[in-house]
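**Q** Once you have looked at the hints, place chains B and C on chain A.
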Amino acid sequence: MSSKKYLNLSRRQVIRGLLATTAFGATAKFGTGCTPSAQTTAGAGGASPAAGGDEPMTVGFIYVGPKDDYGYNQAHAEGAKAIADKFSWIKLVEEASVPETTAVAESMRSMIDIDGAKVLFPTSFGYFDPHILKMAAEYPDVQFFHCAGLYKEGVHPKNIGSYFGYIDEAQYVAGVTAALTSKTAKLGFVGAKPIPQVLRNINSFTLGARSVKPEATTQVIFTGDWALPLKEAEAVNSMADQGIEVVTCHVDSPKVVMETAEKRNMFCTGYHANQVALAPKGYLTGAEWDWTSVYTRLMEDIKAGKSVQSGGIPHILRGGLKDGFCKMSAYGAAVPAEAKQAADAAKAKFMDGSMVIYKGGLKDNQGKEVIPTGGDLKQQDIKLEEMNYLVEGVIGS
Amino acid sequence: MTAPAAPEVLGWWGVPLAILAGMMRGGTPFLFVSLGECITEKSGKINLGLEGTLLTGAMSAYAISYLTGSPWLGVLAAGVSGVGLGLIHGWLSQQPRVNDVAVGIAMIIFGSGIAFFLGKPFIQPSAPPLPTIHLGDWSSIPAVQAALAISPLFVLGVAIAPLLKWFFQSTRWGLFIRAVGDSPDAAKAMGISIFNVRMLSVVAGSFLAGIGGASLSLYYPGVWTERISSGQGLMAVALVIFAKWNPMQCLWASLLFGGAQALGPALQSVGIKEGYYLFNAAPYILTLLIMILTCSPKRTLTGVPGALGTDN
Amino acid sequence: MNWRRTLESICLPVGAILAGLVLFGIFCSLVGANPFGVFGSIWKAAFGSWSTFQNTLIRAAPLMLSSLCTALPARLGLVIIGNEGALVVGGLAAVSMGLAIGTSLPPVGVQALMAIAGMVAGGIWIGAAGALRHYRAVNETISSLLLNYIAIALLNHLVGGPMRDPNSLNKPSTAPLDAVNMLTNMPGTRVHWGLLFGLIACVLAYFLIQRTTFGFAARTAGGNIRAARIAGLPVGKLTIIVCALAGACAGLAGMVEVAAVQGAANESLNVGYGYGGILVAFAARHNPLGAVLVSLLVGGILASGGILQRSHNLPDATVLVFEGLVFLVVLYSDSLYGKLPFFKEKPVDASPPAVTPKSPSPV
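These protein sequence lines are chains A, B and C, in that order.
Residue 28 in the numbering used here sits at position 46 of the first sequence; the count goes up by one each step and never skips.
To convert, count from 1 in the second sequence and add 1340; that's the numbering used here.
To convert, count from 1 in the third sequence and add 64; that's the numbering used here.
Bound conformation, chain A alone (with noise of 0.2 Å):
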């Protein structure tokens, strides 16, 4: 008898439809009817961009996990409430949570048919290949902008463009004083996977550090996965065990790592947003996105009828503390003037544009050359963002 279920699943959606157009019609306007039907008329037609006057624009966001997440998801809905806070014609759309799966298409989908969205941003870098990718090719009316995926001219659609920011001028920064608050300069990095952002990271902290104190070190802990409380706070207290002074993370939210920190009288700067309120004695300072002013700096261009598709907006948009990424955490109490000076020597170095992390004839922690001497590499280049190796000073894989 449980074979007949299939009969009333069907009946079951008469029964709704029904339900639907007539006790929701009504209602259905209030509650869904916040598309304005300008847009959706011109998502259909294909037209461009809009620009000029307060016409307004759905701008949609998604994210991969929670929005207040203390980290990641959370720097990047922070600049999207402040974006909409900050110019009324911008109807912000957001979806939290969604995974890096067909549902991220359909989520891009709803926005664009149904909020009628004319500029996305999908912030995981998991959501580029293949979902983005599909997306903007069905729609090149719409402007994809994605964080930190690589954008290859010629064999992705022209309608996608790629920022993220080097947060490892802030990491290197950090790693000067780190280096010199400690005493002994062992430092601790906790990171989540051995990807090129995280070893970026790892290597440009270390780098800091070591520009500083020569001898300097970096212990490295992988939890494995980007949330792993549990994990994350063992690694903390190992590295305490091991006489570790100053730890900091690549993790999603990095919450955990400085409270444990803090617990355990060690020192911290801090990853993704300001932490201080969380270690308020071992706080040294901190890498913090600002994608407030990158987004502002986007959509103002956008309103001035600028698109990635017409080459107005670059297809790569890469930027440090220069640009305005990214930016430091004021310097905690813990921090000593030497320790204050020196990064802020070499804050201003970034910020004149004269400082270059990775330079000619550095060797990994295997001892080997991986950049040839004399061949300085740029922030810019693409080559620092396949990273596959942790420079010299890095204890760990």
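These are computed hints drawn from the structure, not numbers from a lab.
Even glycine gets a Cβ: it sits at the ideal position worked out from N, Cα and C.
None of the hints are false.
Residues from chain B that face chain C, not an exhaustive set, calculated with beta carbons under 8 Å:
| hint | residue |
| --- | --- |
| 1 | Val1438 |
| 2 | Ile1445 |
| 3 | Ile1449 |
| 4 | Gly1453 |
| 5 | Leu1574 |
| 6 | Asn1620 |
| 7 | Ala1621 |
| 8 | Leu1628 |
| 9 | Cys1635 |
**A** Only chains B and C this time, still in chain A's reference frame:
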């Protein structure tokens, strides 16, 4: 804070110390959830939903501790929220033709949904944590002091384990639970209400699991985030089998599983770097091996409740 | 079976879903959202138009195959929850096969071999749980749960190390499959062929269980193992074969996920299709055809998750509460069969034991 005290380098000694500390820190939630699951399973029902209970407990404890300033009220709230979810599970899983495993999985979704939904405002603030008992003050080594700063909840859990063993062995109510779990028909003949006994067992188990959640958010790692439990509630189900439904062995197994969580990071900190994913899977592989080695079709496992996994 | 019983089996699930909606509506109004607006949005996002219904279909596709991994062994009385693990190893095996062959065969041949590889791997994975159950009396629920964690650790290990494509940069993945070997969408839709695989598998499973001697044997063994042994049924073989078939379905789901969606194996294989499938199987009362419809329902719920956030400012966790409530009520509705007076057959035309049992009794 002045600069950290001159760091003592422990080297390889750090590994056993980390495991010891991990046992007490990371083992506490395992201990509560597994003791809770043990009571539940002894009565013949499985509650996979303890994962959701753990999350709801962690959220309630953190929220109440933050709102009232009293972590102990938070612990109580965690237990009460566990009771709430336990009532749903206990009632629903005893309806005819309703499978307890299915209800458990639905309760994971529902419980985590409730915890995440209501927990949004509490991710940012810092709630007052539970005080710790410093057993390591005799040592001058900060690592030892930190490792021996144990939670009162851990002490409580360690005390509950033998109590529970005594409860099952020597009390009338313990006998009821075992009777209902082993042979419901005989229990019915004794005039015991199967429904009530199982309901109470599930609710008591959920109460403990909720407190396990409080240990996560108010002691270690001491935050409320949506990824706080990472599967520990489900793992406790395996742990109870590993422990052969014996509360004292639940204690040892929880310590072992807690220590195993510290193993990966501790080994990396002294330079062993390969295969951390496989280290992380070690407890699961170990449990499966033990099950394969100790189960046999010819004899039933000692301690296994007879009615477990049947529709009875 | 008379009309009252038919009506009962129609009204109970429908009523359960409506009750779930009412509960969710109450929840919404408690947190300050207009429940009718929310219902309107859910309808619009999940079933409102052909375009949004495709969204539902896309999300339902992996659930159909995954649910069979629980539904088939349930006929033998086994509760298998290793869907996630079988899906993951199926995906891994399919990618390995696809990468090994490359373009030396025509795409259809590669796809077939990938599907076979995925099914074999998934089949071995769950078949092992069945074998352990039969030969070592290891509880299959727990062993399959443990196998999930082991499969996920294996996936992370292989993708992060031995099988990692250095070009996958910030999202560790295996090397990508050749574009020609990818499964395409069904013509005129944006739904991939995995949906059809799911439908076919569900129909085949239905016929296997309900209409063949093999299925009859399995159901007999599930009803009473001792009687089945006395009747000379090869219970051990049945257990292993049914479990292997179940695992093969989940393994095929893994193959579809890599060959139609991701193009490589990575952590996105492990996003909860397995646990979703378990609930679908139970809500469908382990009927493969029912699983198709329940998958559509869950697909619709998942498809509406986005609009709840975008149009009603509800947090991302709302869809979990919704899904949880609907499932709890649907599971509860199972216990009402034969209990509601209206649907009770008149004692004259019914078989004798029409009295409602007071306490739970084995079915």
